[in-house]
Amino acid sequence: MPTPFEYLQSLNRLVHEPARLAILVALSACDKADFLFLLHITGLTKGNLSSHLSKLADAGLVEIEKTYEGKTPITYAKLTLEGKEALKEYWKSVDKVRAGMRHLKPLRTT
Amino acid sequence: MTQIDPRLVRLVAKRFNDLKGFHKVPFALAIGAAGEAWSLSGSELVVFLGGLAGFVIGMITYMFVVGDAYDNLGRVATSTPSRVNSGWVGGAAVMVMRFQADLHIPGPSIVWLGFGLYFLWIAIDGWPWRWSHALTGASAVYVAYGWVAVPHAAPFAWMAPRLWLFAATLTATSIADHLLLTRTLRVHPTAAEENA
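Chains as they are written, first to last, in my numbering: chain B, 1 to 110; chain H, 1 to 196.
Where hints are given, some of them may not hold.
[As the list claims (entries may be wrong)] Pairs of lysine to aspartate or glutamate residues, derived as DMTMM-like cross-links and limited to a Cα-Cα distance of at most 20 angstroms, are as follows:
1) B:K32 <-> H:D18
2) B:K84 <-> B:D95
3) B:K71 <-> B:D34
4) B:K96 <-> B:E6
5) H:K14 <-> B:D34
6) B:K88 <-> H:D5
7) B:K66 <-> H:D71
8) B:K46 <-> B:D34
9) B:K105 <-> B:E6
10) H:K14 <-> B:E85
11) B:K71 <-> H:D71
12) H:K20 <-> B:D31
13) B:K55 <-> B:D34
14) H:K14 <-> B:E63
15) B:K32 <-> H:D71
16) B:K92 <-> H:D5
17) B:K88 <-> B:E17
18) B:K46 <-> H:D71
19) H:K20 <-> B:D34
20) H:K14 <-> B:D31
21) B:K88 <-> B:E6
22) B:K92 <-> B:E6
23) B:K78 <-> B:D58
The set of hints was computed from the structure by calculation and includes no laboratory data.
Produce the entire structure from the sequences given, and follow the hints as far as they go.
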């Protein structure tokens, strides 16, 4: 049986990064959200958010949709089925790490 | 990167449109104004006009005070019905109230009990951040049980304080929702510059 640390190593690093995790958590609760909303909820700069969204889109976890509302261009981000699955797997791994860590006792150094 | 609870991120994304609290204030004013008109006149026409006046005043206030400010927070699409179905819910509520009154069905008001349960559900769904909706739910139940205490032929004077209480708690929880939304979606200087 894998140890908690092995589970820790198996965490999907693409999802594990805090900013990308925040984006995925927000998108998992809605159908789609626009760039401005994600900017506010994550507190990232426009450049950072754009970079993280590109990485998630390249990995197929997020789908980017560019549209117009009147004359205003809007960029929506949407979680793909693959993204939903990756997030689910990530939480499962985190739960396994937490469950495993409960059995560990601190080392006596003195 | 903002440090916030992932559960709060999920709540705000899921209930984004519902958390735009100032959308509900005109309805609260309409209910309060209808209650007041009821206590003064007992006439259905005056109640309707009072409610309409309250709604119009609320909408004008909303348009001039809040305006399109919510657009600056972004857009979220959810499959959860919120404001979309509120017109249908309002119409159905009026019909059920009339139905219960016309058929002299005893017991608390079905519609107001329904409202009470709805607000209680919101409080549970958004716990602990939206706990104040439980107060709105309790005030709706208080209105529902007022229905029993007084015969329909009475001048409905009893209704005004109960409706005012409901309108006040609805206004307070709507403002609490607005504050929750705006505090969670703190507008960062960078975002504001980009939005300009």
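Verification of the hints:
no.	hint	result
1	B:K32 <-> H:D18	16 angstroms, holds
2	B:K84 <-> B:D95	17 angstroms, holds
3	B:K71 <-> B:D34	16 angstroms, holds
4	B:K96 <-> B:E6	10 angstroms, holds
5	H:K14 <-> B:D34	13 angstroms, holds
6	B:K88 <-> H:D5	18 angstroms, holds
7	B:K66 <-> H:D71	17 angstroms, holds
8	B:K46 <-> B:D34	12 angstroms, holds
9	B:K105 <-> B:E6	17 angstroms, holds
10	H:K14 <-> B:E85	19 angstroms, holds
11	B:K71 <-> H:D71	14 angstroms, holds
12	H:K20 <-> B:D31	18 angstroms, holds
13	B:K55 <-> B:D34	17 angstroms, holds
14	H:K14 <-> B:E63	18 angstroms, holds
15	B:K32 <-> H:D71	16 angstroms, holds
16	B:K92 <-> H:D5	18 angstroms, holds
17	B:K88 <-> B:E17	15 angstroms, holds
18	B:K46 <-> H:D71	18 angstroms, holds
19	H:K20 <-> B:D34	16 angstroms, holds
20	H:K14 <-> B:D31	9 angstroms, holds
21	B:K88 <-> B:E6	18 angstroms, holds
22	B:K92 <-> B:E6	14 angstroms, holds
23	B:K78 <-> B:D58	13 angstroms, holds
In the structure shown, no violation is registered for any of the earlier numbered hints.
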